[in-house]
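2 protein chains.
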Amino acid sequence: MNDNFLKACRGEAVDRTPVWIMRQAGRYLPQYMAVREKVSFLELCKTPELACEVTIQPVDYLDVDAAILFSDILIPLEPMGMELAFHENRGPVFANPVKNEADVARLRVPDPTVDLPFVLDAVRLLRKELDGRVPLIGFAGAPFTLATYLIEGGSSKTFFNTKKMMYTAPELYAALLDKITDCTLAYLKAQAEAGAQALQLFDSWAGVLGPDDFAAFALPYATRIIQGLKETGVPLIYFVNNGATLISLAETSGADVLGIDWRLDLDDAVRLTHGRVALQGNLDPCALLLPEDGLRKRVAKILAAGKKAKGHIFNLGHGILPQMPPEKARLLVELVHEMGSA
Amino acid sequence: MNDNFLKACRGEAVDRTPVWIMRQAGRYLPQYMAVREKVSFLELCKTPELACEVTIQPVDYLDVDAAILFSDILIPLEPMGMELAFHENRGPVFANPVKNEADVARLRVPDPTVDLPFVLDAVRLLRKELDGRVPLIGFAGAPFTLATYLIEGGSSKTFFNTKKMMYTAPELYAALLDKITDCTLAYLKAQAEAGAQALQLFDSWAGVLGPDDFAAFALPYATRIIQGLKETGVPLIYFVNNGATLISLAETSGADVLGIDWRLDLDDAVRLTHGRVALQGNLDPCALLLPEDGLRKRVAKILAAGKKAKGHIFNLGHGILPQMPPEKARLLVELVHEMGSA
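Heads up: the sequence lines are chains A and B, in that order. Heads up: the first sequence begins at 1 in my numbering, then just goes up one per residue. Heads up: the second sequence begins at 343 in my numbering, then just goes up one per residue.
The set of hints was computed from the structure by calculation and includes no laboratory data. Any given hint might turn out to be false.
Take a look, some chain B residues computed to stay more than 12 Å from chain A by CB distance [claimed, not checked]:
#: 1; residue: 354
#: 2; residue: 376
#: 3; residue: 395
#: 4; residue: 442
#: 5; residue: 471
#: 6; residue: 551
#: 7; residue: 562
#: 8; residue: 572
#: 9; residue: 630
#: 10; residue: 663
#: 11; residue: 665
#: 12; residue: 680
Now the stretches of chain A that chain B is said to cover, found in silico as 3 or more residues with beta-carbon under 8 Å [claimed, not checked]:
#: 13; stretch: 103-117
#: 14; stretch: 258-264
Where a beta carbon is used, it is the ideal one built from N, C-alpha and C, also for glycine.
Start from the sequences, fold in the hints, and give me the full structure.
And the structure:
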């Protein structure tokens with residue numbers, strides 16, 4: 001079994017730097033689009049055989065060192081009682097955003113085995129299909145990020161309603177976040193029990209918070225999940241997108257690995273986290289467009305910085321873009337494997 | 343004359359910390375909306391009497407220590423030869439984005455006195471109307487930010503086309519940026535000559551670049567403008583939005599003041615710039631929603647950090663949001679004046 005990914009998560013020595021790509025199962029791959037032509041995005045998430053198929057596509061095509069379950073961070077919000085729809089060009093929409101105590105009181109904490117069986121079935125099926133080729137990563141959205149969708153009713157540019165609740169109704173905000181946290185912890189535990197070998201917590205929007213607000217309104221909930229997962233023995237990756245000023249705080253969460261976007265030099269990330277955690281990242285997703293010699297230079301710089309970290313998993317600093325030619329992703333994986341050998 | 347703003351820009355002692363608010367002339371003000379009911383956004387930008395009227399509205403209502411010319415960073419791109427339209431809910435759109443050498447060759451470098459007389463007329467009218475009450479700030483978009491609009495044809499989430507040009511056609515990109523830089527330098531010089539007493543360069547999107555890319559593809563052009571303006575004697579504020587990891591680089595531009603968004607603690611901004619520049623910022627625009635005691639605490643923290651800077655101009659970390667009750671902005675100005683007195 002290729003366990004370089006899990007070893008790097010744990011800060012153990014590796015043969016070569018492991019690499020995977022956020023959103024590696026996605027729209028840039030023609031084989032993914034072929035599946036999507038037949039089913040909607042939500043159907044794909046909810047059909048274990050198809051989720052399994054698209055999860056394995058990049059393992060076959062790219063030769064990455066980890067598979068990540070095909071799903072969406074918003075999936076567990078549906079059984080909480082939220083009506084979720086994906087509109088073309090508008091992204092996810094919740095028709096009934098959370099506004100008051102009654103809305104929060106109405107939210108259920110789902111039982112993943114009852115309410116989200118298709119996710120756990122996909123995990124089990126994937127473990128069987130992958131058969132030890134590469135480890136399987138499960139994931140969930142971090143509570144702050146999930147809360148923004150519930151409060152804003154979808155994506156947002158300014159997060160006005162979320163911050164309004166934080167600043168003017170902190171008890172309501174805390175009650176909402178507590179419920180999301182309970183839900184997410186149970187959900188990730190269930191993924192680990194079903195066979196996920198690592199877990200990533202995506203705080204996609206926490207980068208809209210200054211450090212004091214991150215410490216007060218996002219980090220405590222993420223930390224509770226990370227600590228609650230310790231008993232599973234499964235390594236956890238915490239990715240705070242656009243979180244350059246939040247990295248030192250994020251390190252206190254107890255995550256085994258911190259995901260780093262491309263805005264922060266990986267050298268600085270090592271320094272800011274005092275070499276205490278493994279790091280994942282952090283090539284600009286657009287840098288895949290560089291000619292090969294330019295790409296090599298960037299890969300070399302990131303690999304060199306990664307050697308100073310407790311462990312390093314190569315990745316993009318954000319998800320691969322739908323417009324990216326797939327052969328660019330394959331070249332990246334080749335280069336990391338070639339240049340990142342011990 | 344209240345010259346605390348100009349003194350702070352120059353790092354001189356002030357009676358009290360000056361304060362103004364990005365987008366202080368804007369949609370959150372009913373008196374602004376009353377003017378906008380009569381004319382389109384572009385007409386407002388191009389009618390000196392009306393631009394003057396809305397520029398002075400927040401000086402009257404908020405008691406801020408500086409006025410900033412009402413205009414838009416995209417205005418000088420029209421006489422460069424780009425067709426600009428503002429669509430409701432879609433933001434600015436350029437129907438003919440820049441794609442190749444012919445597109446760049448076609449772009450003109452406008453003569454501001456001939457092609458943008460309404461801006462210079464507004465500046466002159468404003469100096470007369472303000473009559474020394476507070477200094478007048480002129481502004482422009484920084485070259486990288488303007489280039490993103492020209493290349494993407496409007497706003498963008500991922501800046502794929504811009505980065506694609508940077509990475510795969512660096513000479514084309516440089517030719518485009520050179521032209522925008524020439525245009526912007528002439529435009530800001532003309533504003534200074536017409537009477538602008540300070541100038542702000544908005545790099546609204548440079549925060550999508552990692553440090554190496556910022557140093558290669560954005561900073562050199564901003565620096566050329568900043569250095570070229572030294573002969574005017576007018577202080578320059580360089581605002582790199584979402585630029586926490588770019589601050590040390592931005593400091594090398596020679597700007598008198600750096601604008602700081604709310605993601606970076608102002609203490610850290612002082613440290614990262616070695617106390618060599620004045621700083622402007624950096625309250626989270628949504629923090630205006632806090633109850634007064636909470637707002638006081640944040641203002642106090644920012645004022646205390648600002649005292650360690652070479653100079654400090656209080657501001658939000660980004661533009662005031664259209665949904666903000668105007669009395670919240672007025673309270674902020676009152677608190678800064680009360681708590682920031684020497």
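Enumerated hints in conflict with the structure, sorted upward = Checked against the structure, the hints that fail are numbers 6, 9, 10, 11, 13, while the rest are satisfied.
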